[in-house]
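*Asks:* Given the coordinates of chain C, assemble chain G onto it according to the supplied hints.
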Amino acid sequence: MSEHLSRALRRVQESKLERRELLRMMGLTAAASAGLPTVAQFARAQELQPASQVIAGKSDALIVHNDRTGVLETPLDLLSEHAITPKEILYVRNNQIAEPEGRDLEGKPLDGWTIELMGSVAFPRVVDAATLADLPQEEVTMVLQCSGNGRSFFARSVQTRGTQWAHGGMGQVTFRGPKLSSLLDTFEPALAPRDEARFVTAEGKDAPPEGSSRPDFEHSLPLDDVMERAILATHMNGEPLAGAHGGPVRLVVPGYYGTMNVKWLSRLRFEAIESNNVNQIPRYRIPNDPIEPGTPITYTHENSTPNWRQRVKSVIFSPANEDEVAAGEVEVNGVAWNDGTVPVTAVEISIDDGQTWRRADLSAPHGGYGWYEFSTVVNLGSGQSRIWSRAVDERGQVQPLNGSIRWNPSGYEWNGADYVDVTAS
Amino acid sequence: MTHRTVISLLAALLLALASAQDGGPLPQGPGVDLVYGKCQQCHPINYTVSNAGLPDFLWADTIQLMKQLGMEVTEEEEQILFDYLTTYLGTEPPPEPQEASAAETSAEVDGAQVYATNCASCHGAEGAGIPGGFPPVAGHAADLAAADRSYPIDVLLYGLNGPITVDGTSYDGVMPAWQQLSDARLAAVLNHIVIAWDEEGTLPPNFARYAPEDVAEARGRDQGPRDVLERRPSVP
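Residue numbers (the numbering used here), protein chains in the order written: chain C, 5 to 429; chain G, 11 to 246.
Treat the hints with caution; some may be incorrect.
Claimed, not checked - A short list of chain G residues far from chain C (calculated; beta carbon distances all over 12 Å):
(1) Pro40
(2) Glu88
(3) Ile90
(4) Phe92
(5) Ala157
(6) Tyr161
(7) Trp207
(8) Glu210
(9) Glu223
Claimed, not checked - Estimated spans, in silico, between C-beta atoms of each pair:
(10) Asn292/C x Gly134/G: 41 to 49 Å
(11) Phe191/C x Gly134/G: 44 to 52 Å
(12) Ser56/C x Pro40/G: 34 to 42 Å
(13) Arg242/G x Ile277/C: 16 to 24 Å
Source of the hints: derived by calculation from the structure; they are not laboratory data.
Quick reminder that beta carbons are idealized off the backbone N, C-alpha and C, glycines included.
Just chain C, same shape as in the assembly:
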C-alpha cells in the first residue's frame, strides 16, 4: 500500500464522521447518487480545522460544519451518553462570533460587562452585569436546539439551504441567572415597557467580520414570553457560562429555539414592531401555511413566523440508524420535548410504517423545558426494519410522518417523525 494511500486510510479511520454522513458524502445513498461531486467533496471535508482549533476546549469528536465562526455538531451517540450535555460536546452555531469571548469554554468576567435597556421604556438604563449576581437566581434545565437542526432530512423531498445538520444541533443544559423581570423591578421606579411595546429585540457583542457590509446579528422576541420567563443566564451546568456559549451573559428564553437565545448580550430594545434585520426576515422564519416543497415564498411579517417556540419532536438515540441488531427483542430509546408550555403526553413507536403504534415508557423531564427520555422494546424479525417514533403533546400537537409537509426554503424547524433503519439477523 502506498504511503499516500495508507495515510489517507488512517485519516478516514480517525475521522469522527457518522457513518451515515460518510455514506452520504460518498454518494452511496439514493439521495446523493445523482452525479454530485462526492469524491472531491469528501477529500475537502477532511480539511476543515478540528473542533478544538475552532473553539479551545471543544471535543474533536464534534462534526465541524464551519471552522471560522464555529458551527459544530454533536454526534448522536455522544449526545446520548449524557443526561445533561457537557460544554465540551455541546453544539455551537455562530453566525458571527464575539472575539475573543467566543473562542473558548472559560467563564468570562461579569464585572464591566454592560447591558443597555432601551427603546419603548420611560428611562433607558445601562446595567453592569456584576449586579446580576445579587438578584434572585432562577435555574432551568432545557433543550437548547438550533432551529436548523434536522435540516438535512428535508432533502428527502427537496434540498434546503444552509448547514446540513443531522440531529446533533441540540443538547440539554441547565442555565442559571436572574429573570429579566427581576432586574427591571430593581429600578426606582421599576423599568416597565410602555404599552405599545410588543417585542424585545436582543443584540450581542458579536460583530460581522471587519470590512464586511454584513448587517449585525439581532433577533426580536415576543414581549410577553420574555417578560414571563426570560433569564439573563450567567451560569451553565453549574459553572460560569462558557464564552463559547454566550458568556458572560446570554439571553435565555426556555422553550425557544437556540438562535433566539442571544449570546454575549449587550442590548435589549423594547419595541412596538419586529426588527427588519435580515436575521429576522427573511432568515429564521417559516411560512404560516404549508407550501409545496420546492416552491418559493416571499416572506412578510404577516405570512410567516420567526423560529420562536420549539415544535414537538422526538429523536431515537438507540438503535442508531443502520445498526445491525440481533433479531428478537430490541430496546428502542431516545428523547422527546416541545416548547415546554404543556407536557409531552406520549411517544409512540411503530415498526410497520405507521399502521400501528405502541406507547413507549416516558421518564419525567428535568422540569418542563427539558427532554423526556422514552424507551420501549420492539420485536424485530430477521431482515430490514424501520423503527419510527413520534411525540404528542397535551395540546394535541404531533410530529408528522412526512416532515416535509412543513418544507421551507431554508429548512428550519424540522420535526418530522423520526426513524432509523436497522438490520436484524
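*Replies:* Positioned in the frame of chain C, the structure of chain G alone reads:
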C-alpha cells in the same frame, strides 16, 4: 470484511483519487474560480458543496441573500455564479464533471488574471488590501518570500488563520486554502504577487521564479491555517 472496513477502504481509495486529480471539491466548469473566490470569503467551501441539489430559484434566492449578508458582485459576476451553481450544484448536475485542462504549464497561465479572479475581491486589484479587513499583498508578499521562500506557497495551499501585523496594522481574519487551483496557476500567481509586485526590490537578485514543481512538492502535508501562522516569518 465488515461493512465499516469496506467503507473505510472505499473512502481511502476515493480520497487518494481526489488528491491525485488536483481539484477542489467543486466540479470543474465555467465560473468555478469565481465561486471559490466569492463563497470562501465568508464560509468554507463545504457549505456551498453540501447545498448541492437546491432548485434553481433557491440558488437565485441564495445569491440575493448572500448579497444582503455582504457579498459584493457585479451583475456579470452574479450571472456567472448563478449559471455555475444551477448547472453543477442544481437538481440535475451533469453526470461527468468536466476535466480540468490536463497539461497546463505555467507559461500558459497569466498570474495577473489568476489574481484578479481569486484574490482581488479581498486583497484589492492592486494588492493594497483593505485596512482593518484584509492585509496588503503588494510588497508584503516579497518581504515574506525574502525571509522564507516557501512560506507564501504554504499560505496559498493551507490558508492562514489568526492575528498578524502588517506595516503596523493588525489583522485577525481567515485566509482560505486554495488547493483547488492547479500547481501552474498557483505558481503563476505567486510570481505575480511576490516578484512582479516587488517594487522596492526586497528580493535578492538571484531569487528564482516559482515553478509548478515547487507547489506540487509542498502539497499533501497534514497542516492547517493555524500551523501556517506558527511558521510565519517575522517581517516589518
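*Asks:* Going by Cβ atoms, does Glu210/G stay more than 12 Å from chain C at every point?
*Replies:* Glu210/G is indeed farther than 12 Å from all Cβ atoms of chain C, at 25 Å.
*Asks:* At 12 Å, judged by beta carbons, does Glu88/G keep clear of chain C as stated?
*Replies:* Non-interface label stands for Glu88/G: nearest chain C Cβ at 16 Å, farther than 12 Å.
*Asks:* Measuring Cβ to Cβ, find out whether Ile90/G lies farther than 12 Å from everything in chain C.
*Replies:* holds, 18 Å
*Asks:* Indicate whether the distance between the beta carbons of Phe191/C and Gly134/G respects the range 44 to 52 Å.
*Replies:* Given a distance of about 50 Å, which is inside 44 to 52 Å, the answer is holds.
*Asks:* Pro40/G clear of chain C by more than 12 Å, beta carbon to beta carbon?
*Replies:* holds, 15 Å
*Asks:* So does Arg242/G sit 16 to 24 Å from Ile277/C, Cβ to Cβ?
*Replies:* 49 Å Cβ-Cβ, so the 16 to 24 Å window is violated.
*Asks:* Minimum Cβ separation between Glu223/G and chain C greater than 12 Å?
*Replies:* Given that every Cβ of chain C is farther than 12 Å from that of Glu223/G, nearest at about 18 Å, it holds.
*Asks:* Mind verifying the non-interface call on Phe92/G? Its CB should be farther than 12 Å from each CB in chain C.
*Replies:* holds, 14 Å
*Asks:* Taking 41 to 49 Å as the stated bounds, is the beta-carbon spacing between Asn292/C and Gly134/G within them?
*Replies:* The hinted range 41 to 49 Å holds for Asn292/C and Gly134/G, with Cβ atoms some 46 Å apart.
*Asks:* Is it correct that the beta-carbon of Trp207/G has no partner in chain C closer than or equal to 12 Å?
*Replies:* Nearest chain C Cβ is 21 Å from Trp207/G, so the label holds.
*Asks:* Beyond 12 Å from every Cβ of chain C: is that where the Cβ of Tyr161/G lies?
*Replies:* holds, 19 Å
*Asks:* Does the Cβ pair Ser56/C, Pro40/G satisfy 34 to 42 Å?
*Replies:* holds, 39 Å
Hint compliance for this structure: hint 13 is the single one not met.
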